[in-house]
Amino acid sequence: MSTADILLWVALPYATIATFVVGTIWRYRYDKFGWTTRSSQLYERRLIRIASPLFHIGILAVLVGHVVGLVIPESWTEALGVSESLYHAMAVALGLFAGAATLVGIVLLIYRRRTVGPVFAATTRNDKTMYVFLGAAIALGLLTTLVGAGVLGEGHNYREDVSVWFRSILLFQPQPELMAEAPLSFRVHAVAGMLVFVIWPFTRLVHAFSAPLGYLFRPYVVYRDRGPHDPGSRAARPGWERIGQ
Amino acid sequence: MRVMAQVGMVMNLDKCIGCHTCSVTCKQAWTNRAGVEYVWFNNVETRPGQGYPRTYQDQAKWQGGWVLKRGKLQLRAGSRFSRLTRIFSNPVLPELSDYYEPWTYEYDTLISAPLGEHTPVARPKSLISGKPMQISWSANWDDDLGGGPELAPKDPIVMKIRDQVGDRVKMEFEQAFMFYLPRICEHCLNPSCVASCPSGAMYKRSEDGIVLVDQDACRGWRMCVTGCPYKKVYFNHRTGKAEKCTMCYPRIEVGLPTVCSETCVGRLRYIGLFLYDADRVTEAAATPDERDLYEAQLDLLLDPNDPEVVAAARRDGIAADWIEAAQRSPVYRLAKEYRVALPLHPEYRTMPMVWYIPPLSPIVDALRETGHDAEDADTLFGALSSLRIPVEYLAELFAAGDPAPVLGSLATLAAMRSYMRGRNLGGQGDPSIPESVGLTADEMYALYRLLAIAKYEDRYVIPKAHAEVGRQLEELGCALDYEGGPGQYAQPSGPFGEASGRPVPVAVENFHALKARQTAEGFVDPADTSAKVNLLNWDGRGAVPLGMPGIRRLDADADPTEGGPR
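Chains as they are written, first to last, in my numbering: chain A, 37 to 281; chain B, -14 to 551.
Simulated from the structure, these hints should not be mistaken for laboratory data. No residue lacks a Cβ here, since even glycine has one placed at the ideal position from N, Cα and C. Worth double-checking, as some hints may not be accurate.
Dumping the calculated EDC-like pairs for lysine to aspartate or glutamate here, alpha-carbon to alpha-carbon at most 20 Å [as the list claims (entries may be wrong)]: (1) B:Lys321 / B:Glu293; (2) B:Lys110 / A:Glu80; (3) B:Lys449 / A:Asp261.
Output of the computed footprint for chain B on chain A, the stretches with three or more beta carbons under 8 Å from beta carbons of chain B [to be verified]: (4) 75 to 81; (5) 89 to 98; (6) 126 to 132; (7) 150 to 159; (8) 217 to 225; (9) 251 to 259.
Beta-carbon label-pair distances, calculated as ranges [said to hold, decoys possible]: (10) A:Phe156 / B:Pro105: 25 to 31 Å; (11) B:Arg55 / A:Gly189: 56 to 62 Å; (12) B:Ala45 / A:Tyr64: 37 to 43 Å; (13) A:Gly191 / B:Ala45: 29 to 35 Å; (14) A:Ile108 / B:Gln13: 57 to 63 Å; (15) A:Leu132 / B:Lys46: 35 to 41 Å; (16) B:Asp264 / A:Gln209: 57 to 63 Å; (17) A:Val103 / B:Pro76: 28 to 34 Å; (18) B:Lys440 / A:Phe156: 51 to 57 Å; (19) A:Leu99 / B:Glu280: 49 to 55 Å.
All chains, please: the whole structure from these sequences, using the hints.
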């Protein structure tokens, strides 16, 4: 195992996690005002009507697929009587479906971003960078699904190396040697995925954390007091807090 | 009973001349920024007309407000869950073209074009794409019935009435009926925008009922734009956050009227307090018959002179000076005591708190043109019932189609008109006229004072926010010790683009804009588009307005008097 392997499969994952967590907390504290979907629907609504749900629902399915594939050990599904081949058939079918929806969605969204004038004008450099990383991860992910299924190459059961490595990271007992031997496409996709999480807190992707599930459970009309909150947006400086609050 | 206070407004449409001063001053104060170029918290639309955004009253299309579903209130746009499933692209969000594409002009060519045969022109240029554009619509394109035969029939209310009354509506409208409708946010008692917000960022202030958007909590889901049936919540396309009329809360808090009211040349706006029973709002909004909603809404308003109400208000933490202000409230008197002010579209079930006194003048004008004595009580009363179309139109606007409240209000106004003529011509006035609308002569005279004389202190009865409650009105106190305040202001945008970082307090922003204008030696570097500029009083000094082409810096050495046309 080379130094590069240690760097990629031990150092990078922990750096990713640290950046992701600390960055998100920092962004939330520092930049609540910039924390938004920054929708461009106002400029154009026909393309987004198809592309955005396609992409978002696709990527949510992809997320579920990743959680199941990476977190749940193979022995558990086997205990449930799901054989390796059945599991992979299901995973590949759903994965291809979700991945294709996501890919078509993001391609349409990028096409819209580039061709619809006002949308392009409202696209920041930050957005463009994000699209490169996200698009790369998605495309490589789809490729990896095909490799894993044996459509390209000879097939590979990632639940015996990649998934175990993933859990080993979370358990703070990293096993980089597992990744070092995984097929190239898996390694590239894993790196691309980690990079998405590295930039995540610093892009508009943060809006994913704002999924408004609480809306289902709150009363319709929200009342708020003017006090004791200050009307301004800035908290009192240390040492200048009001007395007697 | 749970008593809450609400800052409300009444607009007397008879006095509105459609000058748009309210809109312009409001825009100057609140929406002269990038991202909200197309936004008018206050707009004045000509009726009949399509309004702004176009045909916003057509709720079958735009899905705003509430409906009753099996006796329970639900947002027209769907249940909570079904709307969440549409969060990725809101199918009923108005597009920019439904408002209008904002533009500026290429002023630069006027001074920088080379000497030539033709006079240079400033071509319109989109503020959205930055490209030259054809102007084909605006916030008040059909002002004064402009494009009347083509545009006015598409007014959703005209369409509705035509279905009921037949085709003759159109012609009669054009001949007899036009008035202006200034609109701001209604600051509803049952706000559907607040109910639509998935993030819980929109809220109604419990002290004064003003509906606001928490800019730090808004995530740009855009549901509020759909939820509001008046389309008075707007999406800032630069910051990705919702914005709306704030009822000028920083002014209201210190007892000043809103900017639109203060600058209204017709003095047609009234601001004061309502006390209402918060416990019964939902019940009132769920009144089965649309036409009973007006009465249900009036019923929510509590009599501030009733000792029981006063005691309950004290118990619920409303300060004594607020109760006293509610007792002197002009809006309560006009809405509930005289019943001349009516809510806009009560059938949306939002319990709007900006009320309108319907215009009598179109009817008076119509009478006068046909050679009648337009101030004679009998003629006027007769005209009210015979001029069906205007009344039906007003009824669709202000009473869910029920002509009775509109006729009642217009009758009171007509009675006041002829009674006061009697008094002004030297008599005592005919006491039977006030009686015919259920008022005493003194009450009628008081109404005349309130509507016609309209003294500043009678129009605006606004109690100040309580410091012990409001703590520290930071913007008014020392806004300049804001981090990055004077001297450190040159970095208005955070690392994630213009919208990021903590917002600059309004006072600091204005302070710097003014300072830049007053102290600038010459023209600012055109490349610096960071500063936000007030376009209407921009004199070429200070920063260049966004979207405007760069201004060529005058050569420092050249004597401008020698240069000739440049």
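Cross-check of the supplied hints:
| no. | hint | verdict |
| --- | --- | --- |
| 1 | B:Lys321 / B:Glu293 | 18 Å, holds |
| 2 | B:Lys110 / A:Glu80 | 19 Å, holds |
| 3 | B:Lys449 / A:Asp261 | 16 Å, holds |
| 4 | 75 to 81 | holds (count 7) |
| 5 | 89 to 98 | holds (count 4) |
| 6 | 126 to 132 | violated (count 0) |
| 7 | 150 to 159 | holds (count 4) |
| 8 | 217 to 225 | violated (count 0) |
| 9 | 251 to 259 | holds (count 7) |
| 10 | A:Phe156 / B:Pro105: 25 to 31 Å | 29 Å, holds |
| 11 | B:Arg55 / A:Gly189: 56 to 62 Å | 58 Å, holds |
| 12 | B:Ala45 / A:Tyr64: 37 to 43 Å | 40 Å, holds |
| 13 | A:Gly191 / B:Ala45: 29 to 35 Å | 55 Å, violated |
| 14 | A:Ile108 / B:Gln13: 57 to 63 Å | 60 Å, holds |
| 15 | A:Leu132 / B:Lys46: 35 to 41 Å | 39 Å, holds |
| 16 | B:Asp264 / A:Gln209: 57 to 63 Å | 59 Å, holds |
| 17 | A:Val103 / B:Pro76: 28 to 34 Å | 30 Å, holds |
| 18 | B:Lys440 / A:Phe156: 51 to 57 Å | 55 Å, holds |
| 19 | A:Leu99 / B:Glu280: 49 to 55 Å | 52 Å, holds |
Consistency note: the structure conflicts with the earlier hints numbered 6, 8 and 13.
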